[in-house]
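Q: Take a look at the letters that make up each chain.
Number of protein chains: 4
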Amino acid sequence: MKVGVLTGGGDCPGLNAVIRGVVRKGVQEYGYGFVGFKDGWRGPVEGDTVPLDIPAVRGILPRGGTILGSSRTNPFKTENGVRAIKDNLAKAEVDALIAIGGEDTLGVAARLYEEYGIPCVGVPKTIDNDLSATDYTFGFDTAVGIATEAIDRLHTTAESHMRVLVVEVMGRHAGWIALHSGLAGGANVILIPEQRFDVDQVCAWVASRFKASYAPIVVVAEGAMPKDGDLVLKDAVSRDSFGHVRLSGVGEWLAKEIEARTGKEARTTVLGHIQRGGTPSAFDRWLATRFGLHAIDAVRDGDFGKMVALKGTDIVRVPIADATARLKTVDPALYEEAGVFFG
Amino acid sequence: MKVGVLTGGGDCPGLNAVIRGVVRKGVQEYGYGFVGFKDGWRGPVEGDTVPLDIPAVRGILPRGGTILGSSRTNPFKTENGVRAIKDNLAKAEVDALIAIGGEDTLGVAARLYEEYGIPCVGVPKTIDNDLSATDYTFGFDTAVGIATEAIDRLHTTAESHMRVLVVEVMGRHAGWIALHSGLAGGANVILIPEQRFDVDQVCAWVASRFKASYAPIVVVAEGAMPKDGDLVLKDAVSRDSFGHVRLSGVGEWLAKEIEARTGKEARTTVLGHIQRGGTPSAFDRWLATRFGLHAIDAVRDGDFGKMVALKGTDIVRVPIADATARLKTVDPALYEEAGVFFG
Amino acid sequence: MKVGVLTGGGDCPGLNAVIRGVVRKGVQEYGYGFVGFKDGWRGPVEGDTVPLDIPAVRGILPRGGTILGSSRTNPFKTENGVRAIKDNLAKAEVDALIAIGGEDTLGVAARLYEEYGIPCVGVPKTIDNDLSATDYTFGFDTAVGIATEAIDRLHTTAESHMRVLVVEVMGRHAGWIALHSGLAGGANVILIPEQRFDVDQVCAWVASRFKASYAPIVVVAEGAMPKDGDLVLKDAVSRDSFGHVRLSGVGEWLAKEIEARTGKEARTTVLGHIQRGGTPSAFDRWLATRFGLHAIDAVRDGDFGKMVALKGTDIVRVPIADATARLKTVDPALYEEAGVFFG
Amino acid sequence: MKVGVLTGGGDCPGLNAVIRGVVRKGVQEYGYGFVGFKDGWRGPVEGDTVPLDIPAVRGILPRGGTILGSSRTNPFKTENGVRAIKDNLAKAEVDALIAIGGEDTLGVAARLYEEYGIPCVGVPKTIDNDLSATDYTFGFDTAVGIATEAIDRLHTTAESHMRVLVVEVMGRHAGWIALHSGLAGGANVILIPEQRFDVDQVCAWVASRFKASYAPIVVVAEGAMPKDGDLVLKDAVSRDSFGHVRLSGVGEWLAKEIEARTGKEARTTVLGHIQRGGTPSAFDRWLATRFGLHAIDAVRDGDFGKMVALKGTDIVRVPIADATARLKTVDPALYEEAGVFFG
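Protein chains in written order, with the working numbering: chain S, 1 to 343; chain A, 1 to 343; chain H, 1 to 343; chain L, 1 to 343.
Treat each hint with caution, since some may be false.
Straight-line alpha carbon distances no greater than 25 Å define the calculated BS3-like cross-link-like pairs of lysine-lysine that follow [claimed, not checked]: (1) Lys311(A) to Lys311(S); (2) Lys211(A) to Lys256(A); (3) Lys77(S) to Lys264(H); (4) Lys311(H) to Lys38(L); (5) Lys211(S) to Lys256(S); (6) Lys2(H) to Lys86(H); (7) Lys211(H) to Lys38(S); (8) Lys77(H) to Lys264(S); (9) Lys211(A) to Lys38(L); (10) Lys311(A) to Lys264(A); (11) Lys328(H) to Lys311(L); (12) Lys211(S) to Lys38(H); (13) Lys264(A) to Lys227(L); (14) Lys77(A) to Lys264(L); (15) Lys256(A) to Lys256(L); (16) Lys77(A) to Lys91(A); (17) Lys256(S) to Lys256(H); (18) Lys227(L) to Lys311(L); (19) Lys38(H) to Lys264(S); (20) Lys77(L) to Lys264(A); (21) Lys328(A) to Lys311(S); (22) Lys38(A) to Lys328(L); (23) Lys264(L) to Lys311(H); (24) Lys38(S) to Lys264(H); (25) Lys227(A) to Lys328(S); (26) Lys256(L) to Lys38(A).
Calculated directly from the structure, the hints in this document are not laboratory data.
Produce the entire structure from the sequences given, and follow the hints as far as they go.
A: Spelled out as structure tokens, the structure:
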């Protein structure tokens, strides 16, 4: 038995832990051989492989990024992409494929299995935690931890000066990182893509915070949008690849609006890629390692077209399509629950 | 409506986050008043209270420990303890009590409700994660993170020298911290209280590790015991308050045994109380805050005798007795799953 | 003997450690009384004071910000400012004043002593490390540590994707944070305010890095400026209060230039205020504590008009004017030394 | 020109940063070739080498430990050790040797140069900071940071319970880590090897602390000894390789003494090897990198028998013998300065 492994999409702390879990158990318990495909689906499309064995995965558990590299190559948008994959899997004598990735990467795996019978197992990955069918994905806890630590640090400045501090965190379509880090960090306003915000309401929270104690901290997901955003922000908005309207630099924009409307100074921190880099948290290593161990079990069981998922404290298997069918966004009730801390 | 709050047992990162969540929601959404009882059940027994309002909980979210203090006072082992509690609750005009604590603290709350009709709501707390009826308790994630970071640091020494490194972590009766941190830290041996270990097997893993790459790291829960421990370790064992045999300083003892049997140098790190101190992780703040928000909802609903619990990503309510009925120990299958990384 | 204490200018990790050192030694060894003035020079100008004794400084050592608050009030730019200070010091029966702050705050202290005989001792503070006459100021080590950790995290993304990562760090007039964190973080390009940069040279380094291994990380101080900046950047530049030309958002601007000229994707992280917040590093606590202990010794010795300073491992006293006479900028030779790591 | 590099003695965060600095500058600016000797002086004695070039040092800056391995081999205690070194250097065509290590490693380098004319340059390394002739050595700041973070965590437990917490830190012959981390962490008692401690005095501080606020934290260097230690502690003491009396497990011993004499519970944390492992602090990376850059400059200048050293903010060169002549211990005045925080 020979198993191919690839990682696709944006990088995410825990990818290497998955790879290590897959290979350690596959080699030691089942005697499988492995081959790594480089840069997501580009690897099988172009036949670009690297050796993957126990020495190759030694020491990678605590390291961010992915030893296999990543890309956004989509074989269904590449001429003869699927045929090339079939040829290259045959050439590499690969009997099954483990695809670690987000919506796009897993979507390809699901179609390759359903339409072409290529035996794929999926491992869900998204820093944004917006994949359905799993309680959490690895990388999310690390990102929330980094954002929370940043908010912690801003509190001391907020205590010493009279400035509004705006923190822009990741989250284009879902506000999980903003919600969790905002709650954990004691933010005074949390703005998420799921609910358009009212700048006047934000300013009212800011004002009430100044009255109650010290300067407010506003956490805003990069995909959050003001009401009437399309009209108000002629130049600042753009459309992303999904055709959604996007506000470029919402943190900076919001800080300026707050300054203009409240007369208070406002400063912005844009955390950017530091949220998805570096060593995974202990939780993410645990989750990613277990995902790896269970993904190779699915291969052994011939249970293809499935992906591993977290349910409570258990790792289960679900059809890949369950994860990619729709985005997992923040439940309005959950957002409202957090509202007690606003202002 | 006036609500009393107390924290009992060992301290645990997240206690203050619970208190803050309870008070913020209780005051702002329900208009309740609050009173803090000092040092666990000692507070209501002796009528020792502190004011508890929004200013009192400001800034405590990221702080370890508990602003209410803690103790192991048990009113059922105190003369007229229950009567004193009833009197003091009446005197303080307290209509309901939120008890945040582990097995002992919650056990008292359950009996006070069932036997004396005192309206109690519980919030589960244990650094060791060994309470049933909840997926996780706050504090555990922080402890695992601290232990994992320590193991990370030991790897570089292990790479540079030929020494066995033993890390003793918390866990008297359950090996959750050892298992999670050992897996997340890439330990080569993990020993837990649930399964007596064979020193020769440990030495075999140590030897195989030396052969494969660099020096091994052994994570041992403080409550782990060797096979035949009672006979072998005349002086080192003691009996704890439950009558269980306990090996004092198992980490140090094991290091000496490994040195004697393998001829390799071994060094011990005893993490001790640093695992339960300091700022809570983002996950623990999130969990503890939500526990607080839901505990005050249980009070509002008059749903007494219950405690809040985590099920997947939801906070639910379960009878307190479900949590205290039996210790949640590591499932043998889960321990075996980790075994692929041993040696 | 009664001593007033104030903190002025931007906040900086370690301010509280200085205050604690001053008060602990002053009370316990010399039997002095203390009074805190609120918000820098605003306190003595307006007679706004807070009690300052041993209980007031308990637990503040590890906390960022300042318990005394801060502002940029300058009594020499306030009508009757100096007279108000004299009156308020007399009213509070203050015999000496310890002023903790940067160029502006210390400059006021020096003039008050020299021109009006008000007995002042200074403690140097600047996150940017740009004060002369002291090897380091507290806060700087913390800021460098935070920036370095951010750069560390970006490396894993750089390894997994083919993107240029730009990190904008603090430093308007001096590049110390950029230089230290860039060197400690293994950045591939470091840009500082002391030397105008050539965008084509930056792009050449970026290209050579891509060839050698993985994607480059560019650290840029917020005050760094391209050659011909004034002409090229009509809209992006502004003049700060010193009349210096300033490029607003140099990180974002540079990322766009790199994208345009090299065709590679570029992403920006703006660390902002998180560099000056949160708990001080161990080094900064040690330095700030010792500054406090030595500042109160200067008061005891009647050695006014002086500030404490670090020389090697010793705390010495120097005339305040030595620190404020000129900005301590990065020596060209030191910057050149770092150049071996560029590209 | 071909340069050999070796690392000797205990591992220390920053060793890899030195190696990288040496190689990057040597190759890029001077066109030198390099060879790595394995495991300290064992490498040149046995002719055990590894290739050392720019790819070999890529990515090692943030990693603890040493890619060259380490040992305590002393060629002067090995039969024909010096002759073997001369032969192996000739065979490897090595023109100069950079030895990175502590007292022992540097002492060998000094003798090889002085007695046998082997062209050596030294780089000082000691986690304990006890080498003369340099303000600091790399690794020390990292160790102090780790110990300080541990002490920070213990404060929250100390606030919540009535327990004495003892932290044993590194430092056999010098108390630098204990002093710096104790001061930075706000410890209530600091005990160092340079001054024998009086257990009754320790208990008095403990008692006064309990009275003033919350439970005390005692930081004790592993080499600290009680007065009359030799007589009192028959079994617990041993003699180290220098013939000095050593108390094994002083932290554990002291906790028991405090319990016995004060009746208060006491708990011990032994940090052990986690103080010398893991990623170096930003300060240590900066210092180690600059040591590397200046060491290769010394080779270029033919300035042998010297080692690089930190003086203030400058890197200078001093005779190796200046560093190894005597241990740099804590000045009594400095220890007394810290005494204001005891009790």
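Q: All hints are to be evaluated individually against the structure, with a verdict given for each.
A: Checked hints:
no.	hint	result
1	Lys311(A) to Lys311(S)	holds, 9 Å
2	Lys211(A) to Lys256(A)	holds, 21 Å
3	Lys77(S) to Lys264(H)	holds, 22 Å
4	Lys311(H) to Lys38(L)	violated, 38 Å
5	Lys211(S) to Lys256(S)	holds, 21 Å
6	Lys2(H) to Lys86(H)	holds, 15 Å
7	Lys211(H) to Lys38(S)	holds, 18 Å
8	Lys77(H) to Lys264(S)	holds, 22 Å
9	Lys211(A) to Lys38(L)	holds, 18 Å
10	Lys311(A) to Lys264(A)	violated, 45 Å
11	Lys328(H) to Lys311(L)	holds, 18 Å
12	Lys211(S) to Lys38(H)	holds, 18 Å
13	Lys264(A) to Lys227(L)	violated, 34 Å
14	Lys77(A) to Lys264(L)	holds, 22 Å
15	Lys256(A) to Lys256(L)	holds, 21 Å
16	Lys77(A) to Lys91(A)	holds, 22 Å
17	Lys256(S) to Lys256(H)	holds, 21 Å
18	Lys227(L) to Lys311(L)	violated, 35 Å
19	Lys38(H) to Lys264(S)	holds, 20 Å
20	Lys77(L) to Lys264(A)	holds, 22 Å
21	Lys328(A) to Lys311(S)	holds, 18 Å
22	Lys38(A) to Lys328(L)	violated, 48 Å
23	Lys264(L) to Lys311(H)	violated, 43 Å
24	Lys38(S) to Lys264(H)	holds, 20 Å
25	Lys227(A) to Lys328(S)	violated, 48 Å
26	Lys256(L) to Lys38(A)	violated, 29 Å
Hint check: violations occur at hints 4, 10, 13, 18, 22, 23, 25 and 26; the rest are consistent with the structure.
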